[in-house]
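S.K.: Add chains B and C to chain A, keeping to what the hints say.
Chains as they are written, first to last, in this note's numbering: chain A, 1 to 309; chain B, 1 to 296; chain C, 1 to 518.
Hints are computed from structural coordinates only; laboratory data are not their basis. Glycine included, each C-beta is placed from N, C-alpha and C at the ideal position. There are no misleading hints in this set.
Straight line, CA to CA, 16 Å or less: simulated EDC-like cross-link-like pairs of lysine to aspartate or glutamate:
| no. | chain 1 | residue 1 | chain 2 | residue 2 |
| --- | --- | --- | --- | --- |
| 1 | B | 181 | A | 197 |
| 2 | B | 181 | A | 293 |
| 3 | C | 395 | A | 35 |
| 4 | C | 170 | C | 181 |
| 5 | C | 24 | C | 201 |
| 6 | C | 225 | C | 515 |
| 7 | C | 207 | A | 92 |
Derived CB-CB ranges, DEER-like:
| no. | chain 1 | residue 1 | chain 2 | residue 2 | range |
| --- | --- | --- | --- | --- | --- |
| 8 | A | 69 | C | 244 | 45 to 51 Å |
| 9 | B | 42 | A | 69 | 55 to 61 Å |
| 10 | B | 25 | A | 220 | 34 to 40 Å |
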Amino acid sequence: MARYAATTLLRMFMTFFVIITMVFFATRLSGNPIDFVIGQGITQEDRVLLTKYYGLDGSLWTQYLSFLRAFTDGQFGLSFLERRPVIDIVAERIWPSTQLLLTSIALTILVSIPAGILAAIYRRGWIGSTVMTVAFLGYAVPNFVLATFMVLVFSYVLNWLPVVGNGTALHFIMPTITLSAALIAALTRFTRNAMLDVLGQDYMRTARAKGLPERLVILKHGLRNASITVLSVLGLQVAALAAAGSVVVESIFAWPGIGDMLVRAALTRDYPVLQFGVLTVAIAVIAINTLVDLAYAWADPRLRQAGRV
Amino acid sequence: MTVAVSASRPVLIAALRDLWADATPMQRFAVGLGVSLALLAMATPLIAPFDPNAQSLLSRLRPPIGFDRAKPDYLLGTDELGRDMLSRCLYGLRLTLTLAALGSVIGLLFGGSLGVVAGVVGGRTDTVIMAAVDTQIAVPFTLIAIFLLTLLGHSITVMVFVLALYGWENYARILRGETRKLMRMPFIEAARAAGATPARIARRHLLPNLMSPIVVQFTLSFSNIILLESTLSFLGLGVQPPTATLGAMVGAGRDYMPTQPWIVIAPAVLILIVTFAVQTLGDWMRDRADVRLRPR
Amino acid sequence: MKYLLTATALTALMVTQGFATELKVAAANVSSYLDPGRDHSNVGSQFYFNTFDPLIHKDYSTAEAKWVPGLASEWKLIDDKTMELKLRQGVTFQNGEAMTADDVVFSLNRMYQATFAPYQVRSRDRLENFAGAEKVDDHTVRIIVKRPEPLWETLLNLQQVFIIPEDYTKGLTGDPMVAEDSDYEAFSLAPVGTGPYAVSEFVPGQKLVWTRFDGFWGDKAPLEKVTVTRVPEIASRLTALKTGEVDMITNVAPDQLALVDSEPNMHAEGRATALFHVMIMNVNHPKLKDPRIRQAMSLAIDRDTLNEALWLGKAIVPSTHTMAEFGALYMPDLKTFEYDPERAKALLAEAGYDGFEITFDTDPVYYTNGLLAAQAIQEMWATVGIKSRIDVDEKWTGNDPEMMARNWSNPMYFADPFGSFGVMWAPGGPSESEGRFNTDAAYAASWDKFRYSSDIDTRRAAYAELMERIKQDPPVLPLYQPYESWAMRTGVTWVPQAGHIPYVLDFRSGAITVDASN
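Next comes chain A alone, as it looks inside the complex (with noise of 0.2 Å):
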């Protein structure tokens, strides 16, 4: 176990030290952020002294190991455009982002997997096919649609619930049930799949021929092998959520989070922002994955036995 949980780290580590290089050469590679911070008419003499002052006239070899050093001192750099420690930044928007993640994650168990359950199991009559008719709207709709259209519909026609910020509980239900969506959608659909190939099984045959009761046989084996699938979806789309969703759920609900903070980073090339942001989600991601895992290795008994995953 001990020698799985070294292979584990040293392979996060690994996945870790790839990305920051990556963003960092894609980044250089990509625009100079002189031209976006205070680039607009400003005489070649002053874009030099600029590039001078913001340290990026060194070799891109020099600004790599600059870079890999901003991340020993506890800062990760200043940013660009704030001239603030990274660290900063990043401490005032991961806890918006942690709280709306997680109300996301709740709402889309609490909501997919009962459903998904009733599809599979009245997947030919009427339950299922409004199950799936409804799941389905969330994939159909843009989410900026669907969150505009709600605050129209919620703020400025009925005035029910407030739209900027993240104040108060109120403020959390467009804006968890924007970033949830999709993935309701993709999870119920997931979960129904999983448990028709679980409810086909010879274990769910002989289970019922010993007589245990349908909703029992379903809970208890479908439910477990069907966890399987439903987890590593659920693995996966973490990450998409934590910037291609919530960017948009971000600017509309003016919520002060990590996605709109690394996209508006990436677009005026503001690096030690970008860097260590990026950083951020690929710990939480990778964090997220490797409990996936676990629970992947706990939920089906051939890998537990095969040791590793």
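M.R.: Just chains B and C now, kept in the frame of chain A:
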């Protein structure tokens, strides 16, 4: 579907007839919808009443026929530059379907084969492929898209490439998992023991059993790509104006949702219809592909 | 001193009467840093005026240059290159420090004799003529220029030379006796000035909170607290205003004005802003070297139709690079830029245009209606036969030799042609230095007359010469002064004032009233 590819013509028709007989009304409806969308997209240049980029600046933001201020020429009204919404929707549908189809197929071929290889071969190959998958999963895709689009330009070709890159890791990861599971199954071990070549194992035993996850992932990926394209437009990274795609129309029109909602509603409804058709067909095929769930 | 006492007494009185008014603003953008010296962005200019003062204020309610005492109570020229200013007494900074001549000299020289790179950049394009400031006694300073300066007051009213506290700034990091670069950077996160509102909370790019500074030397601020939050989506801003989450919103596009007008509990205020949206053309691009091609690009654009269609006719289309805010140097009679598609076609034919593709770069969101205008321009070009492609990118391409045409803005940094055209198109200035505009000795001579002559007519004549050069070999086409709008709930009375540079959120006494009962 693997059966269909190798089957002779009469058998194929019989199989299709069989399929149709087995379909629920909803599924038949979805087939009809899918076929009409594909036909519409193909016939767009013939049926669109206007050039999708032709502007009439002084007739901006006209509502669809039947509302106040509507102009009779513009069935679905005009957009923020006085372009015909109907023509833009048709051309948008055409390009969106093309982009999504190309993107999903390329993603499937690329990610799927890597996943199966990783699952079958295992060992160091598996480690390398999965490391690449882990890396892609851990980096928010929006950032990868921003980087690629700035580096390679905003052309349609680059867009297809970016869209294809979205989701390959899903195919790879899911198919690798399924393959590994299958490889431990008694019937494959038996085939191996009987001396079947890896290619034969893959064709005869793996592929039929992988159809279900492939089809589900493909239909998800198809709609995902349509949505990704609209998210990129939201961030100002989509196809370049004035080119119309459904995603770009929705992305650019969102500011008008409180005032001129038809600019968003028309393309959003089309996205909805496309997704509905694709996913219903996907569900259906998945159920068919799953041998154990067939009637009898 | 007596004045100050009354102000304090008045404060006490109003507080006890329960005038604790608060304003919440949803802005499309909030600055990433707050330093009036380094900043000249349209986002930043919203925020400085409430917190800082210049030495010389003006009557901001009018476009005319009516100078009034700011932190200097009086000023006079003692020779043609030296101005002596008496400082207002009893002024304190928001951190409690008293303002002295040292603070003023420090603030001015941080720009005039800049060592911090971002200040050097800002200073070069507009404060080049200023040699330095020196202290005469605790309440008197002298400012010395290199050549006689026709725009003294204008250039002392600039945002870049708002006054900041010396000891506070130097003490922020490192050695408290030395102004290090890191001090200026720390200042931009915790700015302190002498204005009526102190910045009490600042989250870069996200949120700014002002609280009333009771020690302010002038008329008491009408609001107790102002919170500005970034809400980038217009639908969300409008909704927040409707639900009452905020009292005021910025950046309402003309297409949304009808909605605001139709709501009984809100209203919009706007004006044609002292700024040009422009199209720039790269005179050095190999394919655009022939001026006739660029003239045709310019002549093909029907700016009046753009105004009619995109701005409800409320923008101002200029005939030359001039605006009413320039006062005596406003020259609408010059005809530098026109719409003439026939002539455009003829010029293209003469120049042998072979149908090559012209790229038009545009930022996706920065300029209101910018993306729409770009697409409309593309269609207008198509009607005279110019083929074009739009390239949407946030990246600034004005310094890229491959750039052919793109949108940009020429804001009025101060009310003089020098503050708009002059900053951007000076010999050796940013446009020339970025390699997309050329000048020669004759242009430089006209420019020098325009910049330094003390005679208005000479300046006007020189400016006309410059405009003629621009017409003959065009690097730029001013499209219009955009009509920018703000919306607010009923009970809030505020208008963008004519005397300010663009986008200033002026919440000082007399500029805003808020009906607290609402």
